[in-house]
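Trainee: If you're matching them up, the sequences are chains A and B in order. Everything in the first sequence is counted per UniProt numbering, starting at 1 for the first residue and increasing by one. Everything in the second sequence is counted per UniProt numbering, starting at 1 for the first residue and increasing by one.
Misleading hints may appear alongside valid ones.
Only part of the chain A face toward chain B is listed, based on derived beta-carbon distances under 8 Å [claimed, not checked]:
no.	residue
1	Q16
2	T44
3	R45
Since the hints were made in silico from the structure, they are not lab data. Please read all numbers here as calculations on a predicted model, not as lab measurements. Think of the CB as a built atom: it goes at the ideal place given N, C-alpha and C, for glycine as much as any other residue.
Listed below, chain by chain, are the residues.
Number of protein chains: 2
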Amino acid sequence: MAETTHFMDIALEEAQAAGARGEVPIGAVLVYEGRVLARSGNRTRELNDVTAHAEIAVMRMACEELGQERLPGADLYVTLEPCTMCAAAISFARIRRLYYGANDPKGGGVESGVRFYNQPTCHHAPEVYSGFAEVESAEILRAFFQNKRD
Amino acid sequence: MAETTHFMDIALEEAQAAGARGEVPIGAVLVYEGRVLARSGNRTRELNDVTAHAEIAVMRMACEELGQERLPGADLYVTLEPCTMCAAAISFARIRRLYYGANDPKGGGVESGVRFYNQPTCHHAPEVYSGFAEVESAEILRAFFQNKRD
Chain A
1 MAETTHFMDI ALEEAQAAGA RGEVPIGAVL VYEGRVLARS GNRTRELNDV TAHAEIAVMR
61 MACEELGQER LPGADLYVTL EPCTMCAAAI SFARIRRLYY GANDPKGGGV ESGVRFYNQP
121 TCHHAPEVYS GFAEVESAEI LRAFFQNKRD
Chain B
1 MAETTHFMDI ALEEAQAAGA RGEVPIGAVL VYEGRVLARS GNRTRELNDV TAHAEIAVMR
61 MACEELGQER LPGADLYVTL EPCTMCAAAI SFARIRRLYY GANDPKGGGV ESGVRFYNQP
121 TCHHAPEVYS GFAEVESAEI LRAFFQNKRD
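Isolated chain A, as found in the complex (with noise of 0.2 Å):
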């Protein structure tokens, strides 16, 4: 627990700097064997990617590392719900437990919307956690809106 609570500390720190950038601010780290190979925020807008969520930013650049195209034995840690595409992308890489934060009801692809993961279209699903700072997550992201509508 203390190391769950650690690793979603430092996707919170990536979430703050997304925003801190214009991003939409969530983070994200990928964890393999104990250590921390990637962490990123939301990268869309720096590098016009629609792609470049946080959780295929982390994945992208730990597959890189490691030369493979899977990450079988990784463990990924968000600050939201994935979205659809980003579930199916934390499917496709084989990708052992999913920690995040908040739910995202209306945009979230693993407990909300498509539940990718129970469907028979998905051929890996993950271990999932929830409810990690999810209220520290939420406000983060309740704070960038707020501001941008200011």
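Following the hints, put chain B in place on chain A, whose structure we already have.
Mentor: Just chain B now, kept in the frame of chain A:
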């Protein structure tokens, strides 16, 4: 219709070329203002990136070329029904029209599986046209997997 056939022929060429490189033979073309802005087959093995499906490859190339994050007004042609991940990425990129060949009941996310464009968590749906060159598209895949088994 002649134009649609022309662009789907290019997608089929990309599918064949992907198969020759040992990638799952699926090809895509991104058309913007009547011209081909990007064409690619699957590149997941080449790039060690499970998100480098043909659809996402052409969207990334087109966004880089145009220097923008989304592709409103662009049309995407792909030989197989997009998977759940790609269906969502196509939505995020604000693709105008999606043309595809064969259906993919096991892994598709448009007319199969999660039918993403019909879900409340989908906030932009392209116009969808399917069944173009579906026999050729499916045959390229069938031959590829038959060859792998032999």
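Trainee: If a hint holds in the structure, say so; if it doesn't, say that too.
Mentor: Now the hints, each set against the structure:
1. Q16: Hint violated; Q16 of chain A Cβ to chain B Cβ min 22 Å, cut 8 Å.
2. T44: Holds. Min distance 6 Å.
3. R45: With a closest approach of 6 Å, the R45 of chain A hint holds.
Against the hints set out earlier in the document, a violation occurs for number 1 only.
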